[in-house]
Amino acid sequence: MTKQQQALRNVLDKFRHSNINIILQCLSSTTTTTCHARQAHAHILKTGLSNHVNLTTKLLSLYANNHCFHEASLILDSISDPNVFTFSTLIHAYSKLSRFADALRLFSRMISHARLLPDAHVFPSVFKACAGLRAFKLGQQVHSFASVSGFALDSLVQSSLLHLYLKCDRLRDAHNLFDKIAQRDVVTWSALIASYSRRGCIHEVEQLFYEMRSMGVEPNLVSWNGMIAGFNHSGSYNEAVFVFQKMHFEGFQPDGSSISSVLPAIGNLEDLVLGIQIHGYVIKQGFNSDKCVVTALIDMYGKCACTLEMSQVFHEINEMDIGACNAFITGLSRNGQVNDALEVFRQFKGQGMELNVISWTSMIGSCSQNGKDMEALELFREMQVVGVKPNSVTIPCLLPACGNIAALMHGKAAHCFSLRRGFSNDVYVGSALIDMYANCGKIQLSRLCFEKMATKNLVCWNAIMGGYAMHGKAKETMETFNLMQTNGQKPDFISFTCVLSACSQNGLTEEGWYYFNSISQEHNMEARMEHYACMVTLLGRVGKLEEAYSMIKTMPFEPDACVWGALLSSCRVHSNVTLGEIAARELFKLEPSNPGNYILLSNIYASEGKWIEVDKVRNMMKSLGLRKNPGCSWIELKNKVHMLLAGDKSHPQIDQIIEKLDKLSMEMKKLGYCPNTDFVLQDVEEQEKEQILCGHSEKLAVVFGLLNTSPGSPLRVIKNLRICGDCHAVIKFISNFEGREISVRDTNRFHHFKDGVCSCGDYW
DNA sequence: ATAGGGTTAG
Numbered sequence: 001m002t003k004q005q006q007a008l009r010n011v012l013d014k015f016r017h018s019n020i021n022i023i024l025q026c027l028s029s030t031t032t033t034t035c036h037a038r039q040a041h042a043h044i045l046k047t048g049l050s051n052h053v054n055l056t057t058k059l060l061s062l063y064a065n066n067h068c069f070h071e072a073s074l075i076l077d078s079i080s081d082p083n084v085f086t087f088s089t090l091i092h093a094y095s096k097l098s099r100f101a102d103a104l105r106l107f108s109r110m111i112s113h114a115r116l117l118p119d120a121h122v123f124p125s126v127f128k129a130c131a132g133l134r135a136f137k138l139g140q141q142v143h144s145f146a147s148v149s150g151f152a153l154d155s156l157v158q159s160s161l162l163h164l165y166l167k168c169d170r171l172r173d174a175h176n177l178f179d180k181i182a183q184r185d186v187v188t189w190s191a192l193i194a195s196y197s198r199r200g201c202i203h204e205v206e207q208l209f210y211e212m213r214s215m216g217v218e219p220n221l222v223s224w225n226g227m228i229a230g231f232n233h234s235g236s237y238n239e240a241v242f243v244f245q246k247m248h249f250e251g252f253q254p255d256g257s258s259i260s261s262v263l264p265a266i267g268n269l270e271d272l273v274l275g276i277q278i279h280g281y282v283i284k285q286g287f288n289s290d291k292c293v294v295t296a297l298i299d300m301y302g303k304c305a306c307t308l309e310m311s312q313v314f315h316e317i318n319e320m321d322i323g324a325c326n327a328f329i330t331g332l333s334r335n336g337q338v339n340d341a342l343e344v345f346r347q348f349k350g351q352g353m354e355l356n357v358i359s360w361t362s363m364i365g366s367c368s369q370n371g372k373d374m375e376a377l378e379l380f381r382e383m384q385v386v387g388v389k390p391n392s393v394t395i396p397c398l399l400p401a402c403g404n405i406a407a408l409m410h411g412k413a414a415h416c417f418s419l420r421r422g423f424s425n426d427v428y429v430g431s432a433l434i435d436m437y438a439n440c441g442k443i444q445l446s447r448l449c450f451e452k453m454a455t456k457n458l459v460c461w462n463a464i465m466g467g468y469a470m471h472g473k474a475k476e477t478m479e480t481f482n483l484m485q486t487n488g489q490k491p492d493f494i495s496f497t498c499v500l501s502a503c504s505q506n507g508l509t510e511e512g513w514y515y516f517n518s519i520s521q522e523h524n525m526e527a528r529m530e531h532y533a534c535m536v537t538l539l540g541r542v543g544k545l546e547e548a549y550s551m552i553k554t555m556p557f558e559p560d561a562c563v564w565g566a567l568l569s570s571c572r573v574h575s576n577v578t579l580g581e582i583a584a585r586e587l588f589k590l591e592p593s594n595p596g597n598y599i600l601l602s603n604i605y606a607s608e609g610k611w612i613e614v615d616k617v618r619n620m621m622k623s624l625g626l627r628k629n630p631g632c633s634w635i636e637l638k639n640k641v642h643m644l645l646a647g648d649k650s651h652p653q654i655d656q657i658i659e660k661l662d663k664l665s666m667e668m669k670k671l672g673y674c675p676n677t678d679f680v681l682q683d684v685e686e687q688e689k690e691q692i693l694c695g696h697s698e699k700l701a702v703v704f705g706l707l708n709t710s711p712g713s714p715l716r717v718i719k720n721l722r723i724c725g726d727c728h729a730v731i732k733f734i735s736n737f738e739g740r741e742i743s744v745r746d747t748n749r750f751h752h753f754k755d756g757v758c759s760c761g762d763y764w
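Per our numbering: the first sequence = residues 1 to 764.
Heads up, some of the hints might be wrong.
Said to hold, decoys possible - Computed beta-carbon distance windows for the label pairs:
1. Q285 x Q140: 49 to 59 Å
2. L171 x I276: 34 to 44 Å
3. V273 x L171: 35 to 45 Å
4. T554 x E581: 38 to 48 Å
5. S214 x G235: 26 to 36 Å
6. G216 x H248: 46 to 56 Å
7. G200 x G280: 21 to 31 Å
8. S236 x K96: 26 to 36 Å
9. T33 x L171: 37 to 47 Å
10. E479 x K246: 44 to 54 Å
11. S236 x N51: 56 to 66 Å
12. G251 x K96: 28 to 38 Å
Bear in mind the hints are in silico, worked out from the structure with no lab data behind them.
Positions of the beta carbon are idealized from the N, C-alpha and C atoms, including for glycine.
Kindly generate the complete structure, drawing on both the sequences and the hints.
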């Protein structure tokens with residue numbers, strides 16, 4: 001080869017080199033596919049430039065960023081003399097694509113086998129890998145190594161170490177480090193803001209935001225987004241929307257992150273108008289391919305009860321995403337379509353969709369909130385069979401299902417599971433356990449759980465008080481109520497409902513008035529509907545019907561069916577026709593098709609011998625098509641029941657009751673009627689009722705199961721059976737009612753009672 | 001080649 005030829009070759013090489021270099025540079029700044037990487041690779045091989053480290057490093061990066069880690073590591077191995085650049089590139093790619101263990105392995109290979117001294121640039125990727133694996137100790141070792149290598153004060157190293165601390169929940173260490181960092185730029189500040197915002201510490205977020213401004217660091221889009229997310233996590237939805245608008249006003253164009261942070265807030269505020277505006281913006285800006293944005297949109301429409309719009313957004317998705325599916329499932333069950341949700345869930349599963357812990361948890365939660373308790377238990381089992389690990393959120397979703405059907409063994413199993421997995425200190429898990437044990441009739445175990453909890457928040461205190469109240473333990477409820485305040489925990493409206501409910505069940509008028517008045521006088525809060533309802537029940541129970549009525553009249557809001565129902569059932573007990581008529585009239589307006597109200601009124605008339613009025617109510621029911629209800633024919637039957645029960649009213653025994661019921665139902669059947677459970681126990685005192693029920697739950701379930709009852713009655717029985725703690729009886733009982741309709745309001749009332757929120761009404 | 005942000009379950 002002549003010198004000229006050699007020179008020409010060099011020029012050509014250089015030309016090719018810069019050519020490929022330009023191509024690779026272009027590729028690295030755009031979205032590429034594996035195909036691009038292969039073409040570039042072929043080009044490099046053809047031109048014989050594969051010994052140029054800078055070119056192969058770029059190629060390696062191209063492969064790695066397209067998830068072709070096998071090719072990338074082959075290239076690394078093929079380079080005879082790899083430098084820090086090459087290693088860093090691959091480490092960075094591993095970290096970026098969440099292959100944290102691979103990143104750390106390669107880092108270790110670089111410093112031990114290749115004996116290369118890293119520069120400061122590689123540390124952010126390594127710390128990110130440690131953070132991703134929550135490997136705090138390993139991170140500290142890497143930090144020591146960085147310090148020995150002379151990078152201790154490098155701002156890159158410090159910032160990424162801060163990130164590691166934050167990800168590993170070392171907030172205090174992070175703050176100390178933050179104070180030491182000399183050059184705090186917008187990235188450092190934003191990292192801290194984001195970390196506090198994830199925890200919902202909105203005061204810290206606000207403070208940091210304004211502190212950074214006063215230090216002359218102007219917040220960027222990421223800082224703003226962190227602030228929006230912070231308000232969102234802390235439940236300050238109005239503020240989240242306000243900050244979003246303010247950010248826009250200050251000239252920042254919201255990006256996908258801003259949208260997905262603000263949409264949940266809009267959904268929680270049910271501000272559909274704003275939600276639709278944001279949807280428009282999403283379409284205009286082309287964010288509808290962003291998975292988080294789409295998920296947040298589905299969630300928002302679900303929260304605004306727009307199921308059609310929600311389905312539309314969901315079905316327009318090109319590439320299915322588990323987040324969107326989960327939001328869709330929850331959206332359906334949130335809007336009372338739990339059967340559809342279950343069907344969709346099964347479909348996803350059948351299609352081989354990889355359901356995650358959120359999918360299973362939300363489905364379990366939907367079932368246990370909608371009376372599908374057995375399904376919830378089955379799903380919990382199934383998720384573990386397919387290898388999805390339940391987490392600390394799954395347990396509080398599952399436990400209500402155990403409580404609803406008094407499935408004590410399942411509840412205990414979930415409790416043990418929580419202990420093993422270390423969830424038992426979680427306040428949500430603890431409160432759900434307290435609630436579950438109370439529902440299964442094991443109030444002592446509730447108490448034990450409560451006492452074992454290291455930290456107690458308002459929810460825990462309310463849970464134990466609700467348990468006591470449910471078991472009619474007024475003394476314990478009041479003691480706990482006082483204790484929570486000496487422990488510095490302020491009561492909320494639920495706490496008051498618990499204590500008032502306990503007072504009302506036990507007829508403690510004086511105490512009831514004291515707590516009721518203290519709501520506004522001592523605690524500067526306003527009494528809510530349920531508090532008034534408790535008071536009406538209490539006054540009604542002790543026979544102060546006029547006082548109860550004047551309470552209703554002076555209520556600052558329109559009384560609901562629970563309040564009038566409480567008055568009506570008291571009127572039944574104390575045979576007050578005048579007030580009974582008033583209450584019934586209101587109830588007929590509020591719930592025209594609830595037969596229970598008509599029955600109660602006719603009960604009152606009958607007890608006063610007003611047979612003409614009884615007939616009128618009966619005709620009213622007939623004209624409304626409520627004929628089928630067994631209560632219609634109650635007068636003839638009631639006398640028979642009373643005759644039958646008269647003999648041993650003081651201490652009735654279950655066997656005798658069953659016997660009488662048998663006789664009764666035969667009599668009734670002869671007359672062409674079915675007995676109503678309300679007959680059986682209506683004149684028995686509460687305390688006695690529990691005595692009767694206790695220990696005889698199964699028999700009772702069988703008896704009641706045979707009866708054709710009004711909608712309220714099965715709920716009453718379920719409650720009593722739950723307090724007996726007899727799972728089998730409850731299940732048997734529920735299965736008797738499968739397919740029969742229990743109205744939504746009844747179910748709500750039932751749930752209200754369960755939460756200790758409502759003690760009123762004619763059912764309990 | 002270089003750090004920071006978002007969604008869905010209580």
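Checking against the hints above, which ones are violated?
1, 4, 6
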